[in-house]
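Protein chains in written order, with this note's numbering: chain A, 955 to 1292; chain B, 955 to 1292; chain C, 46 to 667; chain D, 46 to 667.
Among these hints, one or two may not hold up.
Said to hold, decoys possible - Below are the SDA-like pairs computed for lysine to any residue, each with C-alpha atoms no more than 25 Å apart in a straight line:
1. B:K1086 with C:H528
2. C:K146 with D:D525
3. C:K128 with C:D585
4. D:K150 with C:H528
5. D:K473 with A:V1291
6. C:K653 with D:V544
7. B:K985 with D:G110
8. D:K243 with A:T1288
9. B:K1000 with C:E310
10. B:K1086 with D:A334
11. D:K618 with C:L613
12. C:K473 with B:A1277
13. C:K483 with B:P1041
14. A:K1086 with C:T109
15. A:K964 with C:P108
16. A:K985 with C:T109
17. B:K1200 with A:L1204
18. C:K618 with C:A563
19. D:K172 with C:H528
20. A:K1000 with D:H528
21. C:K483 with C:R445
22. A:K1200 with B:G1185
23. D:K653 with D:E63
24. C:K172 with A:V972
25. C:K210 with C:T109
26. C:K618 with D:A635
27. A:K985 with D:H528
28. D:K234 with A:T1288
29. D:K483 with A:D1044
Just so you know, the hints here were simulated from the structure itself, not pulled from any lab data.
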Amino acid sequence: MNAPIKLTPKDFATDQEVRWCPGCGDYAILKSVLGVLPDFGVPREKTVFVSGIGCASRFPYYVSTYGFHTIHGRAPAIATGIKLANPELDVWLVTGDGDGLSIGGNHLLHVLRRNVNMQILLFNNEIYGLTKGQYSPTSRPGTRSPSTPFGSFDPPVIAAAFALGAGARFVARSIDTLQKHLPIVLKRAHDHVGASFVEIFQNCIVYNDAVFDDFAAKDVAAERQIHLEHGKPLLFAGGRKGLRVKPGSLALEVVHVGEGGVGVGEVLVHDETNRILATMLATMEGAEFPVALGVLYCNPAASSYDAEVDKRIRKRVSPDRRAALTRMLARGATWTVR
Amino acid sequence: MNAPIKLTPKDFATDQEVRWCPGCGDYAILKSVLGVLPDFGVPREKTVFVSGIGCASRFPYYVSTYGFHTIHGRAPAIATGIKLANPELDVWLVTGDGDGLSIGGNHLLHVLRRNVNMQILLFNNEIYGLTKGQYSPTSRPGTRSPSTPFGSFDPPVIAAAFALGAGARFVARSIDTLQKHLPIVLKRAHDHVGASFVEIFQNCIVYNDAVFDDFAAKDVAAERQIHLEHGKPLLFAGGRKGLRVKPGSLALEVVHVGEGGVGVGEVLVHDETNRILATMLATMEGAEFPVALGVLYCNPAASSYDAEVDKRIRKRVSPDRRAALTRMLARGATWTVR
Amino acid sequence: MSTAVAYEPQRHDRRELESVVVRFAGDSGDGVQVTGAQFTQTTALAGNDLATFPDFPAEIRAPTGTTFGVSAFQINFGARDIKTVGDAPDVLVAFNPAALKVELKSLKPGGVVIADSGTFTDRNLEKAGFGDNPLTDGSLASYRLMAVDISQRTLDALKTSGLSKREALRCKNFWALGLVYWMFGRDRKPTHAWLAQKFKDRPDLGTANTAALDAGHAYGETAELPEGVEAYVIPPAVIAPGTYRNITGYEAIAFGLAAGAQLAELPLFFSSYPITPASTLLHALATMAELGVTTFQAEDEIAAACAAIGASYAGSIGVTSSSGPGVALKTEAIGLAVATELPLIVVNSQRAGPSTGMPTKTEQSDLFQAVFGRNADTHVVVLSAHSPADCFEVAIEAVRLATKYMTPVILLTDGYIANAAEPWPLPKIDALAPFPVKFRTAPEGFHPFLRDPDTLARVWAVPGTPGLEHRIGGIEKAYDSGHISYEPANHQRMTDVRVAKIAGIANDIPLQTVDSGATSGRIAVVGWGSTYGPISRAVDNVRANGGAVAHIHLRHMWPMPRNLADVLAGYDKVLVAEMNKGQLATILRAQYLVPAESLSKVNGQPFKIAEIEAAINRLLEQ
Amino acid sequence: MSTAVAYEPQRHDRRELESVVVRFAGDSGDGVQVTGAQFTQTTALAGNDLATFPDFPAEIRAPTGTTFGVSAFQINFGARDIKTVGDAPDVLVAFNPAALKVELKSLKPGGVVIADSGTFTDRNLEKAGFGDNPLTDGSLASYRLMAVDISQRTLDALKTSGLSKREALRCKNFWALGLVYWMFGRDRKPTHAWLAQKFKDRPDLGTANTAALDAGHAYGETAELPEGVEAYVIPPAVIAPGTYRNITGYEAIAFGLAAGAQLAELPLFFSSYPITPASTLLHALATMAELGVTTFQAEDEIAAACAAIGASYAGSIGVTSSSGPGVALKTEAIGLAVATELPLIVVNSQRAGPSTGMPTKTEQSDLFQAVFGRNADTHVVVLSAHSPADCFEVAIEAVRLATKYMTPVILLTDGYIANAAEPWPLPKIDALAPFPVKFRTAPEGFHPFLRDPDTLARVWAVPGTPGLEHRIGGIEKAYDSGHISYEPANHQRMTDVRVAKIAGIANDIPLQTVDSGATSGRIAVVGWGSTYGPISRAVDNVRANGGAVAHIHLRHMWPMPRNLADVLAGYDKVLVAEMNKGQLATILRAQYLVPAESLSKVNGQPFKIAEIEAAINRLLEQ
Ligand SMILES: Cc1ncc(C[n+]2csc(CCOP(=O)(O)OP(=O)(O)O)c2C)c(N)n1
Ligand SMILES: Cc1ncc(C[n+]2csc(CCOP(=O)(O)OP(=O)(O)O)c2C)c(N)n1
Ligand code: SF4
Ligand code: SF4
Ligand SMILES: [Mg+2]
Ligand SMILES: [Mg+2]
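Start from the sequences, fold in the hints, and give me the full structure.
This is the structure in structure tokens:
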């Protein structure tokens, strides 16, 4: 066999015309993914992209690996079947906020809970893109859409909090446009053995343009984003602000650091193995708080579900299946007629 | 009209033969529910019990209110329809760990997220009772069942943590046999406006007997249960032990209180409005920790989804629907042929 | 806006045509749909009968200039009764090369092509997959080509408008519309008025579009036109007096459901999960709160069906809606509604399958699903609508049957009907026969499975009613008490009564009539749903040539009209034309043992009149 | 345990019978099923042919003494070929009043009732709904009653066993078994051996049960028996030589699937969600890891179907299983498997519906769902199994067709077949014809929708194969490249080829044979699935009386055998006997325009032979 040739992002691109709207955030995410795929050293034929239905879910057509564009909401179940049938495949799941959190919420819950080893990328544009702009379970209250002409009024689900509540052991976040940050998050997700959940804020230029501008826009990014790093203090706004636990309570607060504020020592240090801290970071609410990006939680389990299935079920297979079947058929009470 | 007559638990019982196995924990729960129903002053005809499928879900047959025994996992959706169609009805939803967290996980997520005003009672026996004993998503790892003859190996979902992650604003727990505690929890759930989630540990004497004995058995109850009360320190073991935040971390620890231990003042005070504390209490793991019972979280929203639907949609109805229809038909471009 | 007809006699040098099909096509951003809508409006005002269909691309907003991003709008209008949007356009307005590429193959031989030559740049030609420029390489010689640099002429016309080049260019659709107005002698005033109203906050844009419209019109009046391109007149059709509006299928269903709920004296609860092409019904009903409509976007189709069932249980008429794959998900819940005998309406806007298939393309292939597609003997009522306007009546019928018989009703439309539009005389709501629901209130002798001896419908006892507290569910219930029962004879009886209840509805629906043609003859062409237009026209055409053919169109798909066997027996042959692989044909064969033959078309496109005509003629010749 | 037959000639004063039906009935806690299993085993060893059916209550463990808590076990055994569990028991063993209450109505007139009089206490009589004690009030006069205080006699027999009263009482089923053994001259040794093995960790219990068995037997030998109760002998049946075991339908499917996967040289991936009566298949396969079976309990039926599809995509044979309501949920996923042309097997253990219906009762009413129950033109293969042992072969056939044609296959069984048991000669695995799957590996000329020109199956290219990276999905794909395509002609072509692929399977399945009777005559009784036994016996009976009747039993429900039209044409009348409201009859009418008549039974119980016989005779008289 020849030594594996190092592939390039181009090798992972397909010849298919990309059919997202011009300016859609999905393009940027595709670029990031194609950018990191060569780094893993996994050959194309061992990589599978599985998706549901939605704009996001067209993703597999644009990656030159194996790909399965399935049905709405069910990609986690199909991906689970793929991974259990062949744990050697490197499985990526691409879903949207509607696909993954509306119709597919249950499957997402269970793939996370079971901890099946795969990367789950949820493109959250807070809207149903493909079906022309209805509100989604992540849409903010007051969202006017064709199905909510008077504005929506159900509280949205917080994807990362849901994932943590479901028992996910890797939860991260990034933004379509963060072309340096996103690849790092993708790599961390890939490194993690088990189900890795990555929420990517994605701009739908047609139906929900600029909905993330309150924290994703360049000019507010520093003040409204906190980029988490394990073992580092939770600082943002160029280090001028930090997060700490409000004394005497179990809630985060924003503090000014340095002159006129508190010392860096009082700022919380990010511990990505702490589920409670991750939950706090995932659920920060209000304009004074930044949006937490990066790896909120990474606390790998001893094993993944697919590895256990392999070990505990598949490994029992007899070297001679046929003989085993004959034996098993004759197990229990039999009698012979002569 | 006559003044409402105060009803008794007997008035809420039906004449149907109760068809649970002798010794099933469901009987005790039924008793508690029948015991508290009269206290709410809601007439029988305004009360509806909705359930899915499972042993637990037979509940409606034994309550002499309106009842709807629906299909597996879908009770939250049906109950939502009932409540949106008539918000004046007092809706109770009864489900099991399979019904609510396996097939019905998505609907449970969304009824909690939307905050539809109803009481949701999840009877968790960590097993599929009705279908004869297969393991469920709450079964402990290693559970041997007809579908897991080699023992189960997927991490279970923690119902209360899931509910909190889904955005529930009322989360409580009790045990079938706690005939004093359970009624109080049920009343709190009923008082809460919005979706109230109550997990009740329920013994399935046939397929999973004594699975909760490690904390529910009388002799270990004091050491292994902590009964939460808002504003009171988190003490258990007859006040000898307490919970506090491990200094310098974001995790709970068990401390001995009094002589040789810490002062009561160092023990955390329960704040049922704090979602983070509730999450910590819901996810305590390990034999040294007690199981948190009572109201983990209660933080009512300004309104419930059904109330908002009523206010924002139904209230728009024209006093003369017919005239409004005629008007609306003629809206836009019309022309007359003579 | 209500406008009286102002039919101006046309200039006499125009050639008179009985009917014309025009198709506008361009990028999604070219305003094709608006252009079509305006043309439709003025054509209606001119007294022509018409039918229209918007043809959206599958992609939300494909890159400009691509073939898969082409959006089109077709109108058929005439001096006679118009029943389809036309087999093939007479006139194609192509705003760019991709539009020409995609649409040319459907143009009638010798048809007129109006193309914006300004967009036929090398880059655009390449994107569209043209080697040479078709406007200049002679490949369009068999058409009547009118290549105009519409882009440039629009810019010229708007030189003084103060608009940026980009904004000005966006007016080019109105320039083209002006030219087409001239071609068919359309009045510009209604469009002037519409533009003024539409752009009342941006009067500069209103003025610019008006100027473009007028410039295009003037071009037609004054320019030297290519050989064969001329001006036409289409005399007004004979149309019954009344006030009309244009209506799409989805709007008609929305209005019909709202009207039906009013006639039943119930609130309407509509819950759905978005899916193409069904979502527009959700959108329409979401704006109808005044009419007593509550809409709910559920987390999935299962929840949508279940919430509707819950609402019916609580005393609303619960309605849910989807397309094939979504209806598949509702199957189990429909079974619950059958077992608990609750009213429920399921609207299915059919699309091309299997699976995701071609969501934006039409098909009629969910008839099996509707009639047979459930576990157990789980009969429901199935209705179909045959045109956009027909949806109104059928939706009312669905509410009537669902509430009177306490049963699910499946209403089949399709992507074509849902989005197509036709003129519709405004219905008189007060003239519609009411069918108020009577909830059970008397506790005496009550049990939840008490039945009306005539309809066999069980009582509807709504939570909140004192003294009627009861439990229902999907487990088999005792005929005589409504309690759970596993008794063998009881299950037989309940199964029989459930089936008999639905079968009995045949006595409460109109007898089947023959739509056109005699009640006996050589061939009956049987159709259902959106094939109405082409079958109707094809049968008329064959009959005009003396063929002994009739057209029978079904609305009640299950149960079927009780005289249908007799009606079919009048013909030597039965030809079932449908956009699937022969589903109605199969059902008719099973029900009546008639050797129904199938004329099947499954390419995502409605039948052409000519295709059906050809099939009839083939059969006549046998 | 493998035991050679030891057939002892019987005492000569026994009355010889050709066949007998015995039914054991009691509380769930009474050990009725164990008793039945032991009786079955010794009866098989005695050389009789037999069929058995356990009849579980709907409740898990209903309160003792209630009618809805009665558990029963029926066995039909005889000197001839046994095809059903028998229309009506000859002997009823009733362990308590509730059992008598529930079961008496099915007993044959004049049949034997063995009742444990010790349980006929006032309290138990009341629970069972008896006013007076039927054992003493004369109401059983028309039966041969043998009221014995089995409880007390068991206690007496175990006085010295050292067991508590409670434990000792739990041996009373073996006392009763001993009595029945005596009645039919059964050998006790195999049961002694079984008890010793079963209770090897509690030898006291083993000894006690043995003593109870012997005591019951001795009672028969010595006691004065009531008028009409005597000892019988049932000579051995003529049975082909070989090694036999008892097999239930669910076990046979499990083995068949495992065997099929081996013949296809694939791993088996089985994912399911528990549901009565389908769960036992999951349980059985979960113990078959050695055979290359991976089982997965999914979060719901949708996930179960999807995981199986994912596994097939990855190169296993994916199988999923459920009952009607659960299969309904899989519908959308099955559509995906059709569109992507992946193999998939869906086993449906049918139960009485609609909705939750009667989960523990049998029905055949999901045929429409299997054949027609999907949106769009979404054809799949449908097979049915006609007996427990037949499930093995049919499961292998399902794997063969799914993998050869890259298609979903629905395999229909029912609650009856799944749980019923019959003797089965152990199959020789090495003698089964293999059908190894050949995955595509060559990149040259590859695209994912390349087809085999004969089978029309698309290639199966499994992730992990270098050079074949490709994308599939539920959107319509181009025939020639596998890329997404919205092209009208392509959709027509793909729809046609999908339908043709399934239709073509008719050429790869056996011709339809006539199961019994001549190939022409007055009546063909057509059946499918679990009605095999009663139809077969009924037709034999009528033929024995000279009726020109034949029995045709279908295995391939879709596509149907290509000669079926011809076969049916041989008879004046076609009578379709099925446990639904006429679903196969409908399909036959549609396919072949034969005026098939329906003999329908929908009460949750299998047909009785006599019912079918009566129907045939009625028809013969017409
Ligand atoms: C069963 C089913 N229901 C509904 C749909 C229609 N549908 C397609 S994508 C989609 C939602 C898309 O939203 P999201 O997942 O957020 O993806 P986006 O388009 O925003 O990327 C819906 C409702 C479908 N294809 N199948
Ligand atoms: C669609 C569907 N799938 C499966 C079933 C079978 N089923 C009935 S109850 C149940 C699970 C019961 O478990 P749980 O909800 O924990 O209730 P329990 O019986 O333990 O109270 C299942 C799988 C069903 N009735 N319907
Ligand atoms: S609709 Fe929105 S999410 Fe979809 S492709 Fe267009 S911009 Fe992207
Ligand atoms: S099976 Fe378990 S949960 Fe069900 S009724 Fe019996 S004891 Fe209760
Ligand atoms: Mg989205
Ligand atoms: Mg349970």
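List in ascending order the numbers of the hints, as given earlier, that are violated by the structure. none
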